[in-house]
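Chains as they are written, first to last, in our numbering: chain A, 1 to 81; chain B, 1 to 423.
Worth flagging that the hints you see were computed from the coordinates, not collected in a lab. Keep in mind that this is a model prediction, so the values were computed, not measured. One or more of the hints may lead you astray.
Stated by the list, open to error - One side only, chain B facing chain A, incomplete, derived with CB under 10 Å:
1) F78
2) L104
3) R137
4) L210
5) L211
6) R212
7) I275
8) M305
What the hints assert, rightly or not - Chain B regions said to be covered by chain A (calculated; three or more residues, Cβ under 8 Å):
9) 15–23
10) 199–209
11) 263–270
Built from N, CA and C at the ideal position, the CB exists for glycine as well.
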Amino acid sequence: MSANEREQSTRAEPDSYEAAVERLEQIIDRLDSGQAGLRETLELCREGRALVEYCSGELDAVSAGLQELRLDELTAKLEGA
Amino acid sequence: MRRRARVSLIGEITGLSRSKAQAYFELRDAEGAVPGAIWLNDLEKLELPAGGLRDGAEVVIGGGPEYYPGSPQSSPGFRFRATHVRLAGEGDLLARLEALRKQLRAEGLFELQKQLARPALPRTIGVVTAESGAARRDLLAGLQRRGWAGTVVWGFAPVQDRRAAPAIAAAIKGLAARPEVEAIVVTRGGGSLADLWAFCDETLCRSVALLRVPVISAVGHERDATLVDDVAAVACSTPTHAAEAVVPLECAEARRSLGRCLAMLRRSGEGAVGIRTRHLVALARGPGRALRRERAALNQRTREMRAASERGVGERRAFQRRLATVVLERAARRAAGPEDRSRREALRRAEVAFRAHDPERTLERGYALAEDGDGEPVISAAAALVAGRVRLRFADGRVGARIDHPDADPPAADAGGSEQDLR
C-alpha cells in the first residue's frame, strides 16, 4: 500500500459502526504484534483515533434521547407535502 | 332444498350480528365468503364457551344451503343454514400452517431475511405492534436497558382480527420504504394459535421475506411458532429479547470498550515514539562517548610515554654522570701521577712528625703536664706560683699538686694533701 493510498484509507469514513469496530480490532491486533514500524504505527494510531471518534459519534447519536414518531403521521405529512 | 346433503365448512366468522331469533354471519376464508345464519335456539344447545362465536373466530359449521323466498319488506336470498357450530381445533390450523410452512421453505423464503446484514447500532428502528399493549412497553424497556435512545417509528396495527394481517403487512412495507429505518421489529404478546393467526398469513410472510430491511419478529411466547418467525431475520420469544436483537450493542459497555481502545492507541503511539527517541538519543551520544573514551586512552598513553621518557632520561643522565665520574677520576688519576705520590709521602711524613710532637706521646715517655683549674697548661714557674694549685696530667691520669715557694721546705711525704685523678 502506497503512502497516498494509506492516507486515503485513513481518511475514509467507515461504512458502519460494526465496520469501524472491526477495523479498530485489526489495528489493535497489528499494534499488539509489535511488527509495525514507526511510520505505520503512527498512521495506525491516527486512523484508530478517527475510528474511535466516529464510533463515539454514533453512540452519541443514539444516546441523545428517545424520539418516537408515528408512521401514519409521517406518511400523511409526506402525502400532504 | 332442505333435503340437500349436509356439508361442513371451515372458515373465519366475520360480520357477526344477532336478531331476536337468529345470528347472522359470513364464513370467510382466503378464497371468499359464504353468508350464514343459525337459530339462537340451536346455538344455545351447542353450549359454546362464552364469546366463542365472535368475529375472527375460526369455526367448523355443519348445515346446508337454504333459500329464503323473501317477504313484502325483505328480499329473497340464499344462505347457509348452520345447525351445528364448533370452534376450529388447533389441529385444523396447525395442518394448514404446516402446509404453508413447507411451501414457503421450499421456495427458499426462510433464508432471504437471514442473509441481510443487521446493524449493530441502528439510529432509527421501525416497530409494528398494537398501539395499546404490553409488547410496546416491554420493547421500550428493553431498548432502555441497552442504553439505546435513538428514534422509533411506530407502525401501529391491529394484531388479532381478520384485518390484522393486511394492516401489519402495510405497516411493515411503509416502514421499510423509509430510508432512515434500519431494522423493523414486529411484536405482540402471547395467545392461542388462532389469536396469532394473522402472523401466519401467507401474503404477510411473503412480503416480509422479500424486504431488504431486516425484520425481527417477537410474536407470542417461546412455544408459539408463527410463520412470520420463520421468514424473519431473527425470531425472538419476547419483546425484551427483540430489543436486544434489534440493538445488539450494549451502549455503556461499547463506550467503555472504546475508552480502552483509545488508551491502547495512545500508549502505542507514545511508546513507539518514546522507544525510538531514546534509541536515537543513545545513538546521538555514541560519538561523544567514543571520542571521550579515545581521548582518555590517548591521554593515558601520553602520560605513560612522558613517564617512560623521563625515566629514560634520568637513567641516561645517571649513567652519564657515573660514566663522567669514572672518566674524570681516571683522568685525574692519570693527570696527578707522581706528584700525587710525593704528596702522599710528604703527608705521611708530616703525620709521623706530627705524632712525634703530640703531647700524649711525651706524657707516655714519663713527662707530666701542669694545668690550672681551667685546664690551661701552666708553662712557667711563676705561673705555677700564682696558681698555687695545679693538676699534673700524666699519661695514665691527673693528680692535684700544691705549689710552694722554691725556698720552702719540701712537704712531708704523708703531709701532702694531694689529689689524684687517675683516668
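Hint-by-hint comparison with the structure:
Below 10 Å, beta-carbon pairs count as interface contacts, and B:F78 has none with chain A, the closest being about 40 Å; its hint is therefore violated. Given the 10 Å rule on beta carbons, the hint for B:L104 is violated: about 26 Å separates it from the nearest Cβ of chain A. Taking 10 Å as the C-beta cut-off, the interface hint given for B:R137 is violated, the closest approach to chain A being about 13 Å. With its C-beta approaching chain A no nearer than about 19 Å, B:L210 sits outside the 10 Å limit, and its interface hint is violated.
This hint is violated: B:L211 has a C-beta 15 Å from the nearest C-beta of chain A, more than the 10 Å allowed. Taking 10 Å as the C-beta contact cut-off toward chain A, the hint placing B:R212 at the interface is violated, the least distance being around 16 Å. Contact between B:I275 and chain A, as hinted, is supported at the beta carbon level, the nearest pair being about 9 Å apart and thus within 10 Å. Of the supplied interface hints, the one on B:M305 is violated, with its beta-carbon coming no nearer than about 48 Å to a beta-carbon of chain A, more than 10 Å.
As drawn, the stretch 15–23 of chain B meets chain A at 0 residues by the rule of a beta-carbon pair under 8 Å; below three, the given contact is violated. Check on the stretch 199–209 of chain B: 0 of its residues sit with their Cβ under 8 Å from a Cβ of chain A, so the three-residue criterion for coverage is violated. Coverage of the stretch 263–270 of chain B by chain A holds [criterion: at least 3 residues with CB-CB distance below 8 Å; count 5].
Checked against the numbered hints given earlier, this structure breaks hints 1, 2, 3, 4, 5, 6, 8, 9 and 10; the rest are met.
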